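Chemist: Order-wise, the sequence lines are chains X and Y.
Read left to right, the first sequence gives residues 1 to 111 (the numbering used here).
Read left to right, the second sequence gives residues 1 to 110 (the numbering used here).
No lab work stands behind these hints, which were simulated from the structure alone.
Possibly wrong hints are sitting among the right ones.
[To be verified] In silico EDC-like links for lysine to aspartate or glutamate, alpha-carbon gap of 16 Å or less:
id, chain 1, residue 1, chain 2, residue 2
1, X, K1, X, D39
2, Y, K9, X, D39
3, X, K1, Y, D59
4, Y, K9, Y, D30
[Stated by the list, open to error] Rough simulated footprint, nothing fancy, chain Y against chain X, three-plus residues with beta-carbon under 8 Å:
id, segment
5, 12–23
6, 54–64
7, 71–79
Note that the coordinates shown come from a computational prediction; the quantities given were computed from them, not determined experimentally.
A virtual CB, placed ideally from N, CA and C, is assigned to each residue, including glycine.
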Amino acid sequence: KQEVTQIPAALSVPEGENLVLNCSFTDSAIYNLQWFRQDPGKGLTSLLLIQSSQREQTSGRLNASLDKSSGRSTLYIAASQPGDSATYLCAVKSGSYIPTFGRGTSLIVHP
Amino acid sequence: DGGITQSPKYLFRKEGQNVTLSCEQNLNHDAMYWYRQDPGQGLRLIYYSQIVNDFQKGDIAEGYSVSREKKESFPLTVTSAQKNPTAFYLCASSSVTEAFFGQGTRLTVV
Numbered sequence: 001k002q003e004v005t006q007i008p009a010a011l012s013v014p015e016g017e018n019l020v021l022n023c024s025f026t027d028s029a030i031y032n033l034q035w036f037r038q039d040p041g042k043g044l045t046s047l048l049l050i051q052s053s054q055r056e057q058t059s060g061r062l063n064a065s066l067d068k069s070s071g072r073s074t075l076y077i078a079a080s081q082p083g084d085s086a087t088y089l090c091a092v093k094s095g096s097y098i099p100t101f102g103r104g105t106s107l108i109v110h111p
Numbered sequence: 001d002g003g004i005t006q007s008p009k010y011l012f013r014k015e016g017q018n019v020t021l022s023c024e025q026n027l028n029h030d031a032m033y034w035y036r037q038d039p040g041q042g043l044r045l046i047y048y049s050q051i052v053n054d055f056q057k058g059d060i061a062e063g064y065s066v067s068r069e070k071k072e073s074f075p076l077t078v079t080s081a082q083k084n085p086t087a088f089y090l091c092a093s094s095s096v097t098e099a100f101f102g103q104g105t106r107l108t109v110v
């Protein structure tokens with residue numbers, strides 16, 4: 001059974017810092033990996049999707065990398081802003097195409 | 001305007017009552033999912049459906065039921081057998097690649 005772990009569970013940084021959020025998974029036979037953002041009391045917003053054949057994806061200040069063989073993905077946030085404060089979740093699709101989630105990283109960026 | 005609509009946003013249930021959460025999508029996705037989110041627990045899969053008229057139990061299906069009579073709709077019923085139903089419920093749909101989520105329904109037992 002696929003298990004997804006996210007480290008750290010929580011992070012508090014000053015504005016302007018570059019951040020790295022980590023996601024690891026136990027079964028490397030994945031179809032894709034997706035990073036989401038969740039604001040308090042809201043649904044999930046898709047940030048980046050990486051197919052199993054890809055190494056990375058970029059969108060604005062966000063860059064996600066995938067190392068399938070080692071079971072790891074990182075989400076890099078450049079020049080963090082207070083508006084980036086949210087919970088970030090990664091989800092892995094494998095086996096029966098069902099997304100399996102980590103518990104998320106709660107990020108606070110203070111001015 | 002394509003997306004997933006969950007309703008209601010807030011729902012209150014008395015103990016012993018069944019309640020139904022609505023989830024509708026116009027993305028033409030075959031697969032739909034229901035997750036439950038509790039503080040510190042992440043998202044846990046309740047039920048999923050990969051095609052109309054078929055659905056499967058997830059990791060925490062006890063006390064819940066679903067139907068999938070139409071491609072666009074995947075309602076979740078929280079029955080009185082669910083002992084701790086207070087939670088945030090999220091519905092998702094997915095193509096072969098990307099998953100999309102609704103805005104969630106917060107259910108509270110009063």
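Chemist: It remains to establish, for every hint, whether it holds in the given structure.
Modeler: Hint-by-hint comparison with the structure:
Simply put, K1 of chain X and D39 of chain X have alpha-carbon atoms about 28 Å apart, too far for the 16 Å limit, and the pair is violated. Restraint check for K9 of chain Y and D39 of chain X: satisfied, since their Cα atoms lie roughly 15 Å apart, inside the 16 Å limit. Proposed proximity of K1 of chain X and D59 of chain Y is supported: the alpha carbons are some 11 Å apart, at most 16 Å. Pair hint K9 of chain Y plus D30 of chain Y does not hold up; C-alpha atoms about 24 Å apart against a cutoff of 16 Å.
With 0 residues bearing a CB less than 8 Å from a CB of chain Y, the segment 12–23 of chain X misses the requirement of three and the coverage assertion fails. Closer than 8 Å: that is the beta-carbon criterion, and the segment 54–64 of chain X has 0 residues meeting it against chain Y, so the requirement of 3 is violated. For the segment 71–79 of chain X, the proposed coverage by chain Y is not satisfied: 0 residues have a C-beta within less than 8 Å of a C-beta in that chain, short of the threshold of three.
Checked against the numbered hints above, the structure breaks hints 1, 4, 5, 6 and 7 and satisfies the rest.
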